[in-house]
Amino acid sequence: MGDVKRQQAAAVEASIHQPLERLLSLDDVQAEARKRLPKALYEYVASGSDDEQTLWENRQGFKRHLLCPRVGVDVSKVDMSLTLFEDTAHAQHASLPIMISPAGVHCLMHPDGEIATVRAAQREQVVMGVSQHATTCMEDVAKAAVTLPTPSPASSPPPSAPPSTPLWYQLYILRDRSLTLSLVRRAESSGYQALILTVDSPVFGFREADWRNGFAGLPEGMILANYPTKRAYDDRMKGGWDQNSEALLDRSSSFERDLPWLCSVTSLPVVVKGIVAPEDAVAAAEAGCHGIIVSNHGGRQLDSCISSIEALPDIAEALRQKGFLLDADRRAQRPRARLAGSQRACLSPHPFCRHPPVLRSQRPPSFFPPYVLSPHPYSIIPLVVSLFLDSGVRRGTDVLKAMALGATAVLLGKPIFFGLAVGGEEGVRRVVEILRRETEVAMILCGCSDLGKVGRGLVREGGRGSYIRPSRL
Numbered sequence: 001m002g003d004v005k006r007q008q009a010a011a012v013e014a015s016i017h018q019p020l021e022r023l024l025s026l027d028d029v030q031a032e033a034r035k036r037l038p039k040a041l042y043e044y045v046a047s048g049s050d051d052e053q054t055l056w057e058n059r060q061g062f063k064r065h066l067l068c069p070r071v072g073v074d075v076s077k078v079d080m081s082l083t084l085f086e087d088t089a090h091a092q093h094a095s096l097p098i099m100i101s102p103a104g105v106h107c108l109m110h111p112d113g114e115i116a117t118v119r120a121a122q123r124e125q126v127v128m129g130v131s132q133h134a135t136t137c138m139e140d141v142a143k144a145a146v147t148l149p150t151p152s153p154a155s156s157p158p159p160s161a162p163p164s165t166p167l168w169y170q171l172y173i174l175r176d177r178s179l180t181l182s183l184v185r186r187a188e189s190s191g192y193q194a195l196i197l198t199v200d201s202p203v204f205g206f207r208e209a210d211w212r213n214g215f216a217g218l219p220e221g222m223i224l225a226n227y228p229t230k231r232a233y234d235d236r237m238k239g240g241w242d243q244n245s246e247a248l249l250d251r252s253s254s255f256e257r258d259l260p261w262l263c264s265v266t267s268l269p270v271v272v273k274g275i276v277a278p279e280d281a282v283a284a285a286e287a288g289c290h291g292i293i294v295s296n297h298g299g300r301q302l303d304s305c306i307s308s309i310e311a312l313p314d315i316a317e318a319l320r321q322k323g324f325l326l327d328a329d330r331r332a333q334r335p336r337a338r339l340a341g342s343q344r345a346c347l348s349p350h351p352f353c354r355h356p357p358v359l360r361s362q363r364p365p366s367f368f369p370p371y372v373l374s375p376h377p378y379s380i381i382p383l384v385v386s387l388f389l390d391s392g393v394r395r396g397t398d399v400l401k402a403m404a405l406g407a408t409a410v411l412l413g414k415p416i417f418f419g420l421a422v423g424g425e426e427g428v429r430r431v432v433e434i435l436r437r438e439t440e441v442a443m444i445l446c447g448c449s450d451l452g453k454v455g456r457g458l459v460r461e462g463g464r465g466s467y468i469r470p471s472r473l
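Numbering of the sequence shown is given in full-length UniProt numbering, commencing with residue 1 and proceeding in unit increments.
Hints are not guaranteed to be accurate.
To be verified - Derived DSBU-like pairs: lysine-lysine, alpha-carbon spacing no greater than 30 Å straight-line: (1) K77 - K63; (2) K35 - K77; (3) K77 - K453; (4) K63 - K39; (5) K322 - K453; (6) K63 - K453.
Keep in mind that the hints were calculated from the coordinates and are not lab data.
With the hints as extra help, turn the sequences into a complete structure.
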């Protein structure tokens, strides 16, 4: 690992002389990253756990869903923009339904690491998730988004301004709740606009490639920057960041106890990442979350797991039946009331809770944290959650399929790493640009002039899969 920085410098130099425009697909970007990265670094990003069946199924699941386009409609103008957490105090605008998934150690791919990624996210106007295991501290990432160079220096925002692109901070429930809470407070004070709670990692999956390559520790001078140095890094992280950092995670964490607590200690929306079972999605919604990311961690955790895209329809239907997810027409007609910030109803007995509890006399028999009081006394309305998909997205048609099956937006993980490896900030922008173009073309050919036109009738099951070109992987 001692020559990682030298190899990174060589990759950066190579990217200067090889234009990114010749990379036409995300598979092209991955193939180029494979040429430039050391074997251990490439396989750390590209590999999955055990037999890598989940990794394969994530791609194949999309191939088993086919599009049934509509024609004879006006698609002279296509609007791919959307508002996340619409009709709430947390509404956030994005230019397209593609987000950057929270993933650690970006500096392994490029010296600028998360700074390059957030600058690309800001220029492309997409939401970025920042990992608890980032190699740049969350404050510096937020500052980089604020201080992005502009054509007119006089119009630059002040240093205290919040990031202009939505940043979501990803965290785990740690054994040390005070450390978890301190990370939440730092995210709030840095201007992050949502929290992502990862729930599929009580332990980390076994990736054979990392062990065969002897890849267990960060290079000299690189740390997991969000942890207090002496408290967490020196004692637990020095030999690595996956298996070694497991000691910090709380395996006893549960939706019933910890998700209501997290929702109670912050005014930010909480999005739960790592759900593939409908029952878990309903449990998370009932515990008070604002969003759910259907994800199997990109095939890096449990092998032989259902693909995210094939888990999505059942999760969407389960949430609809419970009133947590509404179709577009019902959403427009459904009356809703929400209590803002500290007025939110909360039953958490935890001492860190800063929301006043609802009086017992006001609670209906079936009152749970995800419900808020309506304008009518003693009646309740369920909070509507946003649904996202992560794992396996490589084409604009994949984006369209996910949205047709119930997702508000999709998240990209591995492709962002490969973009970083081939071109830093510009490489990440190239990844987003490719998907932007493909998604727009897919919408036009399917007769969808805006995201509201993307519905369940657009997708049919019955594809045979196996369309991935092995030479590109």
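Status of the hints after comparison with the structure:
no.	hint	in the structure
1	K77 - K63	28 Å, holds
2	K35 - K77	39 Å, violated
3	K77 - K453	13 Å, holds
4	K63 - K39	28 Å, holds
5	K322 - K453	24 Å, holds
6	K63 - K453	22 Å, holds
Consistency note: the structure conflicts with earlier hint 2 alone.
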